[in-house]
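Enquirer: Given the sequences, and given the hints that come with them, work out the whole structure.
2 protein chains.
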Amino acid sequence: MQRLTAWGVTGIGEISPGMQLGDVIATACAEPPNGPLQNHDVLVVTQKVVSKAEGRLVDVDPDDPLSHKAIVEAEAVRIVRRRGDLIITETSHGFVCANSGVDLSNVERGQAALLPLDSDRSARRIRDIVRARLGVDVGVIVSDTFGRPWRRGLTDVAIGVAGIAAVVDLRGTADALGRIMQVTEVAVADELASAAELVMGKSNGVPVAVVRGADAEWFRDASINEIVRPASEDLFR
Amino acid sequence: MQRLTAWGVTGIGEISPGMQLGDVIATACAEPPNGPLQNHDVLVVTQKVVSKAEGRLVDVDPDDPLSHKAIVEAEAVRIVRRRGDLIITETSHGFVCANSGVDLSNVERGQAALLPLDSDRSARRIRDIVRARLGVDVGVIVSDTFGRPWRRGLTDVAIGVAGIAAVVDLRGTADALGRIMQVTEVAVADELASAAELVMGKSNGVPVAVVRGADAEWFRDASINEIVRPASEDLFR
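Protein sequences appear in the order of chains R and H. Using the working numbering, read the first sequence as starting at 10 and increasing by one per residue. Using the working numbering, read the second sequence as starting at 10 and increasing by one per residue.
By construction, these hints were calculated from the structure, which means they are not laboratory data. Please note: incorrect hints may appear among the correct ones.
Identical copies look the same in the list; a pair holds intra-copy or inter-copy alike.
Using 25 Å as the maximum straight-line C-alpha spacing, the simulated SDA-like pairs for lysine to any residue come out as follows [to be verified]: (1) Lys78 <-> Phe245; (2) Lys78 <-> Leu95; (3) Lys78 <-> Ile138.
Expert: This is the structure we're talking about:
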């Protein structure tokens, strides 16, 4: 029976621009308690540390809400909804989220973190370094914390993947009664990101988690574009 | 360091109307490989078996799409969007999902499964029986598989809870740099449902999973209403 295990990676420390995040993670995961890693482990890395390592930080006036708002609008390709201070936007990546993913928490006062330019590339770089340093083939997911319509509370989702599927297509697979199932595309990368969030928490400074036990069939070349629904297919923008 | 583990519960077998699901689960989880359960374990139970046990099945003409559609509309309190065969509705519980949650897969041909009338109550009943039978205090989540706007692929979410929070409010908690975080309400029940889905799959007939290692602070009286966003707060219906 398949068993999934997830744990937060300790000892990552503060990440600053120019640091090679893959090296930091490989060092932290080389031995207990975080490692050793195995083939088919999944590393879930929060957007915040990816953005910091890649220098995706901009100055913001912490006392002027308009300063933050201007950055949010500059990062948007479409304003989807606006109500009071809340702005739901579509980013250049095709993500629809609050504030274009621009974040003021867990960064220095006076700075805001932008989303990585290409989170698949960020994930791939971490994956490549981990393979080179530790000799294991892992999947890497860059995660972020998004809200959603209709339901309160945030969940972590994937915004970049490497070596692990974003969406697994079970269309045409027989269900337990032998009927052909009509549509079952499962967003496994989002579910893995959510599982990882449960061991990272939001305020305890654990920006990386390992998830072990994902289905071996999910490990393949992949792109977050699998999960981005084009506007033409979407009923809510 | 917190470690989360999830596994599918084997040996549940086929569930039919009138069966006491809590007893079935307690029996399956009394000993290895599924148990013994511990205090603060979370049982995630898919809606399908809850609906079957509670007799929430209606006849449908499998050769007439209008037959299914009529049931979907009867279960809806609001049609949120409609495109071709796809109907996004709001149910009496306040859930917004495809087809009012009415499901044709994994039920006998000629039948459709409706959502439980009160999934919190369904969860509570399972929790009470497990406590009485096995002497452990577990959280119970009834899960279902929902789509979402903007992102392809389905994820499992909570539609009922007992003994475990739906949403954990971290507003006001200091972030790792000591700043007060503005809004961090985490939908832990949805994340637990997603973690469980990863070990249940969609077509292999494992309708129950155990998740061990959830934060002890999340265990409390709760209701799925914590996660249902009222229409008045919602920008997308």
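Enquirer: Each hint should be assessed against the structure and marked as holding or not.
Expert: The hints, checked one at a time:
no., hint, result
1, Lys78 <-> Phe245, "both (23 Å within a copy, 22 Å between copies)"
2, Lys78 <-> Leu95, "within (10 Å within a copy, 36 Å between copies)"
3, Lys78 <-> Ile138, "neither (36 Å within a copy, 52 Å between copies)"
Violated hint: 3 only; the structure is consistent with all others.
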